[in-house]
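**Q** So you can see what is in the structure, the chains are spelled out below.
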Amino acid sequence: MIAAIVRTALVSLRRDRGALALSFVLPVAFFTIFAVIFGGRRDTTPKITIIAVDEDHSPASQRLMKGLESEAALVVRTRPARKQNAEQPDYTAESAEAAVKAGSAPLALIIPQGFGEHPIAFGPSSNRPAIRMLKDSSDPVAPQMVAGLLQKVVMTSMPDVLAEQGSKYFEQYAGGMTGEQRQRIQQNLDQLRQLQSRREARGGSADGGLVAIATQDVVGGKKRNPMVSFYAAAIGVMFLLFTASGAAGSLLDEAESGTLDRVLSSRVTMTGLLGGKLIYSALLAFLQLVVMFVWAWAVFKLDFLPHLPGFVVMGVCTALAVAAFGMLLASVCRTRAQLGPLATLVILIMSSIGGSMFPRFLMPEAMQKAGLLTINAWAIDGFTKVFWRDEPVSHLWPQVLVLLLVAAVLFAIARRLARRWEFA
Amino acid sequence: MNATASIVTPLRAEGLVKRFGAVTALAGIALEVRPGECLGLLGPNGAGKSTLIRTVVGRVIPDAGSVSVFDSPAGSRAARAALGWVPQELALYPRLTGRENLEAFGRYHGLPGASLPRAVERCLEWAALADRADERVSNLSGGMKRRLNMAAGLIHEPRLVLMDEPTVGVDPQSRLRIFEMIEALRATGISIIYTTHYMEEAERLCDRIAIVDHGRIIAEGTRDELVRSAFASRSEVIARFSEAGAGVAAWVGQRGGRYLEGTGQFTVQQPGEIATLLDAAAKAGFELADVSLHKPNLESVFLHLTGRELRD
Numbered sequence: 001m002i003a004a005i006v007r008t009a010l011v012s013l014r015r016d017r018g019a020l021a022l023s024f025v026l027p028v029a030f031f032t033i034f035a036v037i038f039g040g041r042r043d044t045t046p047k048i049t050i051i052a053v054d055e056d057h058s059p060a061s062q063r064l065m066k067g068l069e070s071e072a073a074l075v076v077r078t079r080p081a082r083k084q085n086a087e088q089p090d091y092t093a094e095s096a097e098a099a100v101k102a103g104s105a106p107l108a109l110i111i112p113q114g115f116g117e118h119p120i121a122f123g124p125s126s127n128r129p130a131i132r133m134l135k136d137s138s139d140p141v142a143p144q145m146v147a148g149l150l151q152k153v154v155m156t157s158m159p160d161v162l163a164e165q166g167s168k169y170f171e172q173y174a175g176g177m178t179g180e181q182r183q184r185i186q187q188n189l190d191q192l193r194q195l196q197s198r199r200e201a202r203g204g205s206a207d208g209g210l211v212a213i214a215t216q217d218v219v220g221g222k223k224r225n226p227m228v229s230f231y232a233a234a235i236g237v238m239f240l241l242f243t244a245s246g247a248a249g250s251l252l253d254e255a256e257s258g259t260l261d262r263v264l265s266s267r268v269t270m271t272g273l274l275g276g277k278l279i280y281s282a283l284l285a286f287l288q289l290v291v292m293f294v295w296a297w298a299v300f301k302l303d304f305l306p307h308l309p310g311f312v313v314m315g316v317c318t319a320l321a322v323a324a325f326g327m328l329l330a331s332v333c334r335t336r337a338q339l340g341p342l343a344t345l346v347i348l349i350m351s352s353i354g355g356s357m358f359p360r361f362l363m364p365e366a367m368q369k370a371g372l373l374t375i376n377a378w379a380i381d382g383f384t385k386v387f388w389r390d391e392p393v394s395h396l397w398p399q400v401l402v403l404l405l406v407a408a409v410l411f412a413i414a415r416r417l418a419r420r421w422e423f424a
Numbered sequence: 001m002n003a004t005a006s007i008v009t010p011l012r013a014e015g016l017v018k019r020f021g022a023v024t025a026l027a028g029i030a031l032e033v034r035p036g037e038c039l040g041l042l043g044p045n046g047a048g049k050s051t052l053i054r055t056v057v058g059r060v061i062p063d064a065g066s067v068s069v070f071d072s073p074a075g076s077r078a079a080r081a082a083l084g085w086v087p088q089e090l091a092l093y094p095r096l097t098g099r100e101n102l103e104a105f106g107r108y109h110g111l112p113g114a115s116l117p118r119a120v121e122r123c124l125e126w127a128a129l130a131d132r133a134d135e136r137v138s139n140l141s142g143g144m145k146r147r148l149n150m151a152a153g154l155i156h157e158p159r160l161v162l163m164d165e166p167t168v169g170v171d172p173q174s175r176l177r178i179f180e181m182i183e184a185l186r187a188t189g190i191s192i193i194y195t196t197h198y199m200e201e202a203e204r205l206c207d208r209i210a211i212v213d214h215g216r217i218i219a220e221g222t223r224d225e226l227v228r229s230a231f232a233s234r235s236e237v238i239a240r241f242s243e244a245g246a247g248v249a250a251w252v253g254q255r256g257g258r259y260l261e262g263t264g265q266f267t268v269q270q271p272g273e274i275a276t277l278l279d280a281a282a283k284a285g286f287e288l289a290d291v292s293l294h295k296p297n298l299e300s301v302f303l304h305l306t307g308r309e310l311r312d
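Sequence order for the protein chains is V and U.
If you read the first sequence in my numbering, its first letter stands for residue 1, the second for the next number, and so on.
If you read the second sequence in my numbering, its first letter stands for residue 1, the second for the next number, and so on.
Be careful, since some hints might not be right.
Stated by the list, open to error - To give an idea of the chain V side of the interface with chain U (calculated C-beta under 10 Å), a few residues: (1) Glu117; (2) Asp139; (3) Asp253; (4) Ser257; (5) Gly258; (6) Val263; (7) Ser266; (8) Arg267; (9) Phe361; (10) Glu365; (11) Ala424.
Read the hints as simulated data drawn from the structure, not as lab findings.
Think of the CB as a built atom: it goes at the ideal place given N, C-alpha and C, for glycine as much as any other residue.
Please work from the sequences and hints to get the whole structure.
**A** The following block contains the structure:
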């Protein structure tokens with residue numbers, strides 16, 4: 001009896017492709033994605049790309065630059081990528097800041113003039129020049145890692161400087177190691193410990209390290225709730241995709257109920273019908289985005305109104321792209337029952353690699369590139385430009401172009417597939 | 001030009017063939033509907049009635065043959081404007097009200113804004129749904145949904161209406177209401193094709209009947225013409241046997257009758273022939289539970305022509 005029940009259930013499962021996909025394909029797909037992102041297929045942490053500018057050009061600063069370049073965890077760029085096969089000039093402090101603002105790198109290190117005269121100190125020093133770290137607050141990880149790596153590079157790449165500075169300290173504080181000298185060393189150590197405690201208490205600024213670092217937010221530092229815009233876009237796009245596939249699913253409902261036949265026996269053509277459904281889905285998606293961002297503005301103090309033009313441009317393009325995506329899914333499926341599992345599978349995969357679940361900058365480079373195959377990535381990049389980087393609407397053209405192109409191509413494919421509903 | 005030549009035939013189908021893989025749904029059907037006529041398509045499930053209707057609507061492209069609606073090719077804009085289709089399914093938007101459904105289909109047919117409300121009211125009155133017009137379709141009874149389904153097919157005042165089994169799944173009371181609607185419609189002079197596998201519906205509503213089986217029209221005419229062609233002036237004797245079996249079936253066949261599920265069907269010219277039949281059965285050792293004599297109907301015609309019952 002029990003065996004018969006099990007057998008019946010297994011046969012039913014085998015014939016339900018949607019349930020099979022949800023049971024086996026989706027977990028494996030997600031496992032693979034997470035494994036790739038979080039190190040399952042590599043033995044090192046992802047490299048961080050930084051921009052480095054040497055304004056000092058002293059032996060010490062040059063050795064620090066070499067040390068940074070040889071650091072395995074860093075990709076150091078001293079000049080922009082070649083344009084039309086022409087070498088670009090080295091970054092300056094200004095161009096490095098602009099590059100961070102544009103999202104080319106999560107941070108830039110500026111080694112200031114005069115750094116070589118007092119490169120390191122074993123305690124606070126008011127007159128030594130600090131290395132400037134210009135960072136993008138949307139990436140909370142990279143600045144912390146680079147600050148630590150910078151200290152490590154100094155330790156490993158400048159041992160003679162360390163020894164020289166140590167001797168000076170020894171002469172200065174130890175001398176003949178009299179009792180008074182011991183007391184002074186102890187006092188200094190106490191001061192260092194107190195300094196370290198204060199530093200830890202206020203969040204770990206590295207200005208008391210071997211090299212002084214002055215960290216400066218150049219993107220998002222003044223925003224009241226910096227990550228809200230990212231998550232509003234990221235989560236919003238994912239749910240837009242679900243909504244659009246659900247809305248387009250009405251086409252399958254109508255096909256199953258016979259309403260589609262009746263509609264197509266009137267003056268309405270299949271192109272007109274799909275066009276109407278596309279506009280409806282896009283309106284719905286845009287409305288959903290409005291609700292989400294207005295909520296973020298009202299509750300999380302997102303700077304919504306100053307960015308309204310950019311929001312409208314990105315909102316319309318994103319809504320059209322997700323609506324066309326929904327139309328394509330619906331036209332691929334035979335029944336509503338097929339659509340549910342397929343939409344879940346495709347949307348969750350797109351959302352995970354496209355940055356809706358976790359930021360793409362945390363992913364390996366190959367994964368970041370793969371993410372560009374998704375609507376999510378382009379939409380999130382566009383909204384990030386608007387709300388995070390405060391870029392003008394004219395800078396949105398790559399995202400606008402790609403999303404509109406995606407919308408057109410997906411709709412064209414959906415129209416082609418919908419021919420099966422037109423005539424038997 | 002004479003007057004007859006100027007009358008446009010509402011529907012003319014010639015040599016229609018449609019295959020779906022190995023299944024031949026239409027096997028060379030030719031059909032004509034005359035102005036103001038209600039033509040019944042009578043046949044069992046799977047006979048090809050719905051495929052024929054969908055071909056007329058333009059939703060099925062035939063492999064061979066042609067269909068014209070008021071001299072326009074099926075599926076053309078003019079043909080679609082002239083046709084009203086009441087599909088077998090409840091092709092409605094369940095979350096919309098009855099009025100909203102009619103408005104939607106009216107707009108799909110291009111009814112201008114001024115005439116749309118009048119068309120909606122006319123259809124609601126015809127379907128006796130004016131008092132339930134603003135209720136969601138999902139809340140209506142099965143019979144009301146059926147009536148609304150019919151009304152949606154007539155919103156644009158078509159000249160030829162195709163009704164594909166409009167009484168499927170409704171209770172007897174609702175069926176009578178639907179009959180009244182169709183009779184009211186017929187009184188306006190509109191042409192109708194009415195498909196059904198209910199003999200009594202065809203007999204009540206249709207001027208002419210085409211019997212469809214295996215994708216062919218196997219007989220066509222008025223009810224009386226069909227009966228006369230199958231049975232002439234003979235009557236039908238139905239003999240129910242106490243015990244069913246192969247021997248009984250063979251005996252019925254030898255006597256020129258048809259055997260189906262314990263019942264033998266014979267035709268007789270004179271009532272006196274019944275006594276002969278009873279004697280023969282007794283001599284063969286078969287006991288009869290009851291015997292009845294009646295005039296043949298469309299069911300008898302179908303059984304006579306195909307050897308099967310209409311509701312197989």
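**Q** State the violated hints by number, sorted upward, taking the hints as numbered earlier in the document.
**A** Violated hints (numbers, rising): 1, 2, 9, 10; every other hint is consistent with the structure.
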